[in-house]
Amino acid sequence: MHIDTRDLENSTTIEGDICIIGAGAAGLSMAMEWDNTPYKVILLESGGFEYESELQNLNSGQLTGQKYFPLESTRLRYFGGTTGHWTGLCSPLDEVDFIKRDYFPYSGWPITKKDLDPFYARAQDKLQLGPYEYDFSYWKDSRPNLNAFPLDENIVKTKMWQISSARFGSIYKENIVKSKNIHLYTYASATNVNSNEVVSEIEGITIKNHTGNSYRVKAKYYMMACGAIQNARLLLSSKNHAPNGLGNNHDVVGRYFMDHLDSKAAGELWLFEKFKTDLYSWGGGIKSEMTISDNMQSKSEIMNATVSIPPLEIGKHMKPLIETWQDADPRKAEENTENRSFLSKLMRLKTKVWKPTAFDMDCNSEQAPNPKSRITLGIEKDALGVQKPILSWQLSPIDKITIKKTLELIGQQMGQKGLGRVKLNEFLQDENNDSFPTNIGGAFHHMGTTRMHNDPRFGVVDANCQVHGISNLFVAGSGCFTTSGSVNPTLTLVALSLRLSDYVKNVLKSESI
Amino acid sequence: MKRRNFIVLSGIGILGAGFTFWHLKGNKEKESLNYPQYLSMILDSATIISIGLNYLAIYPTHKNKNKLIELLNGSLNNTKDISGLKSAIENDFEKGNTLVLEGWVVAITEARQCALLSLDK
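If you're matching them up, the sequences are chains A and B in order. Our numbering puts the first residue of the first sequence at 1, with every later residue one more than the last. Our numbering puts the first residue of the second sequence at 1, with every later residue one more than the last.
Just chain B, with the same shape it has in the complex (with noise of 0.2 angstroms):
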């Protein structure tokens, strides 16, 4: 490869890198059910993908985008107001719906966040 059009390359690479890193961290304003927006604002997407193929170890049944879907749906008492995801984290974590995933304590909504987003990527 030529020189020039390996540093164009490269840093077009590193910008889509830091794209996708800025995708996922720090992005307080996205909601979305594939958006795990507690866990971004500390982990990267290595390790939100890590977590939800560890969820999907442990429940392989789930591993359809649909089935995740409706578990999630089902934490916003089907009202699909994304809003909603927040307090369904807290909820789980009062009523110790929690999992260890990668050693990290997440709340099971969340863990299936990361599922959802592991059967994206």
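Same shape as in the complex, but just chain A (with noise of 0.2 angstroms):
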């Protein structure tokens, strides 16, 4: 069912048993779940079905720290969300990601890979993907010409992408627009979370939009997926009973923001000799980058990190993201970027015909939790009365050192094998130095800022994602992220969205014994 809410009266009561807010891939995965259930399911959707500057305006904010993407550029404010434009790229964490290392600040999560695992097989589904396969011996069985450097796989190891097409906001709307139990209701900004005196239990959401009209929200459990920035910046701002903002007795909402970093042309790969190869180029709905072995990573001390291989020639004529995607409006943005994407598919091309012998060394790499990395509140407000986010995105050493170390191990790789050498980028050179230059930028892969934990001096929500101290709201999406691990994001967020949707229907169940 769909309501769009301008047409509600001001001050309107909307009730249900459950309220999600945002109908992005972490909402609308949950969503779906419920469908046809007995449970009368809000979900709350901040723009309508299609692009809105108005809207999309209401994601802006302000920069400081490591230089960073517009913020209104960089999620779409639409039922969908973000699915309207990415490319697809789904992986799952390592399980090494989910471990506590000594060396590795602020790791370990409170969860295991092997508790996601039923959960990522079912968020395979949700993004219309293949089977639960990520091993590089699956994919080879199946292509043959998906040949791998012959390196020592206990150091250098294949790290496997499916590729999705799924555009959350085509795939599901009709099903949430049918649904006789899901009540998708447009144009329903969420303002604020409204707690009890006590802050121990949410009682309402207030939701507003342009028409200078306000709502409110009643439900018995609420799940917050605006995503990463957004849910961090509605905490802060929920402030009728908590001075510092819902969930932050311990000043960590909204920090520990993580993206992944992309540093492209990292480094140079030369080959002796063609080698002959169909794996290290987009394909056949499947990618794959060279990574190191979760073992190799804790005896070197480092980080993931991931490393694709654009032919050099055509490497070299691609400016980095950070350059070319500064524009606020997305769709700008993007088109700034075509040169990109034509390269892209020219390289794949090339790559195929022409096998080159020397690459750019393109890397994507784990950030460590830092607490100064965070999302604050500015004194502006946005157009819905709402303080606008700062984010002040900050680095640290060891982010540099996973970059150079991975290199440095995949080039001893390649000079023990006689298949070529690496060169580090000058930025890498320097062992004293860690600056990152402006051309390093992040992917757009927001984590972090209401992060699992169990002790809620060091997280925001618990393992089941529910918010520490409030018995009825809780987190959805990869602000959750404990760890950034190294691929993209989109594929774990699905699966613990799933995994939560599950525990709140579980506690549902219960309490109706």
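Source of the hints: derived by calculation from the structure; they are not laboratory data. Every residue gets a Cβ at the ideal spot worked out from N, C-alpha and C, and that includes glycine. Don't take every hint at face value.
Said to hold, decoys possible - Each pair of labels, with its calculated beta carbon distance range:
id : chain 1 : residue 1 : chain 2 : residue 2 : range
1  : A       : S435      : B       : K80       : 40 to 48 angstroms
2  : B       : S83       : A       : D152      : 18 to 26 angstroms
3  : A       : N154      : B       : T79       : 25 to 33 angstroms
4  : B       : N77       : A       : Q326      : 52 to 60 angstroms
5  : B       : S83       : A       : D115      : 49 to 57 angstroms
6  : A       : G285      : B       : S83       : 42 to 50 angstroms
7  : A       : E334      : B       : N73       : 56 to 64 angstroms
8  : B       : I58       : A       : N145      : 41 to 49 angstroms
9  : A       : H317      : B       : E70       : 43 to 51 angstroms
10 : B       : N64       : A       : K274      : 34 to 42 angstroms
11 : B       : N73       : A       : D152      : 24 to 32 angstroms
12 : A       : N432      : B       : G74       : 28 to 36 angstroms
13 : B       : A46       : A       : H250      : 56 to 64 angstroms
As the list claims (entries may be wrong) - Chain A side only, calculated, beta carbon under 10 angstroms to chain B, not exhaustive:
id : residue
14 : G267
15 : W270
16 : Q412
17 : N425
Two independent chains are provided; combine them into the complex using the hints.
Here it is as structure tokens:
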């Protein structure tokens, strides 16, 4: 069922069993799990069904720290969310990503990869992907041309992605609109989460739109799915009875903002001879990159990273994304990157035909959780009266060490096997310099602002994604990631959201017994 | 300089440069202590020499031909069998006996070869 909130009378109260705030990848994944159940689901979406500048501008904010993309361009604010223009890359986190490592500050999830595996398998369906298979050996068996460099897999292995073409706004709209128990409210921006006086329970959500009206939502359980930045912003803004914002007794909300570091041309790989393979390019719904094994990461005291190898001849014509994606309007920003998209296609074709021997090494790497990397609230307010966010993106020395060591390990393997040599980009050569150049940017993967940890001093949500101390408030999405791993977050955030959805269902069922 | 002489001399210069380039690049068969066989397949002489100079800046006590030859022979277990250089280099990579010089991740053996070449030049 669909209701345009703008058609409602001012001060209308909307009631249901659960309320999901946000209809993007996380929100829609959860909502679909509740279709055809006895429960009334209130699904709130800030925007409509299409892009609108007025709504998109609600994402705007300030930037400090390492150079970043304009905030309003990094997320889409309409039904379907950022799946409206994503690249579709899906891969699960590695086992090592969940483990606490002494050399890696703030690492260690309260759950394991095994805990998430059943939900990863279900997430594959939501994202219209193939089987939950990400071992290189599985794909190699079915596609003989996928030759990996003959490196020691105990040191350098092949990381696989599946590529989804799912645009949630298109594929789930009909189901949601026709559902009897899911009530989708568009033009319903949550502006405040209202708790009881002792801040132990949520009593309702205030929603507003550009008509100037406000409304109230009341439910038994609330699941915030607005994205890492907006979830943190909403918690920080909800100060009726919590002066520092909800879930923020220990000043953790908004902190530990992470993105993956996109280091274009972090190095070069020069082979002595042409190497015949279809592996290191996109095609047939999959893609792959080189990565360091879990054991070797721990032994080398580095985090996770993956390396792709576009041909040098083409790579040198591709500007880093942080330079091309600088328009506040995401549609214009995307147009400015069309050259990259064209060059990517050219690269795939040329790689197949021309078999180059010199490559850029583009590195996508993990960012260490850094409490100084954070979302805070500015003084300026948006059109609905909510304080705008300020992102201060801060990096750490281990972020750079990881990139350098990853390339070195690949270089050592290439040398040991007599295949070629690796050259590090200049910014990696000075061991005493921790800084990053401005052409190293993020990857639009917002994580960590409401991180998961059993100890409320280090996390906003517990292992069930419940906000510490608030019995009926949950957070969904990549904001809950304790650490970032090195792969695109969508598959994992959908898996986590499905797990959360199951948990709330079980809670509701047990209450009715 | 007369134009004809200039043309002749330029031609000789070009041939000479090409010979130098050929001398160091793609000549897979040539093996010697001061010939970094692998690197010469992908790098020009100027870069190889820079790598050598970089090595010597880190290890100034090795700025001596005899010392470098001694170290390189040590990599060959003093067999003086030049064909063992390839294995020595691959062993260096396996054991992590590598350096980053001019940005290149190189085996210490081949770094010493570059250093020896730089002293020759």
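**Prompt:** CB of S435 (chain A) to CB of K80 (chain B), is that within 40 to 48 angstroms?
**Reply:** The hint (40 to 48 angstroms, Cβ to Cβ) holds, given that S435 (chain A) and K80 (chain B) are roughly 47 angstroms apart.
**Prompt:** Lying within 56 to 64 angstroms: is that true of the beta-carbon distance E334 (chain A) to N73 (chain B)?
**Reply:** Holds, at about 60 angstroms.
**Message:** Tell me if the beta carbons of I58 (chain B) and N145 (chain A) are separated by a distance inside 41 to 49 angstroms.
**Reply:** Roughly 43 angstroms apart at Cβ, these two residues keep to the hinted range, so it holds.
**Request:** Could you say whether the range 42 to 50 angstroms given as a hint is met by the Cβ separation of G285 (chain A) and S83 (chain B)?
**Result:** Given range 42 to 50 angstroms: holds, Cβ gap about 47 angstroms.
**Message:** Tell me if the beta carbons of S83 (chain B) and D152 (chain A) are separated by a distance inside 18 to 26 angstroms.
**Reply:** holds, 24 angstroms
**Request:** Look at the Cβ atoms of N432 (chain A) and G74 (chain B) and judge whether their distance stays inside 28 to 36 angstroms.
**Result:** holds, 31 angstroms
**Request:** Could you see if the CB distance from A46 (chain B) to H250 (chain A) stays within 56 to 64 angstroms?
**Result:** holds, 57 angstroms
**Request:** Return holds or violated for the Cβ distance of N64 (chain B) and K274 (chain A) against the range 34 to 42 angstroms.
**Result:** Holds, at about 40 angstroms.
**Asked** If you check the beta carbons of N154 (chain A) and T79 (chain B), does the distance land in 25 to 33 angstroms?
**Response** holds, 31 angstroms
**Prompt:** Taking the beta carbons of N77 (chain B) and Q326 (chain A), is their distance inside 52 to 60 angstroms?
**Reply:** holds, 58 angstroms
**Message:** Using the nearest Cβ pair, does Q412 (chain A) come within less than 10 angstroms of chain B?
**Reply:** For Q412 (chain A), the interface hint holds, since the closest Cβ of chain B sits about 5 angstroms away, which is under 10 angstroms.
**Asked** Should the hint that W270 (chain A) touches chain B count as held when the rule is a Cβ pair under 10 angstroms?
**Response** It holds, given that the least Cβ distance between W270 (chain A) and chain B is near 4 angstroms, below 10 angstroms.
Checked against the numbered hints given earlier, the structure satisfies every one of them.
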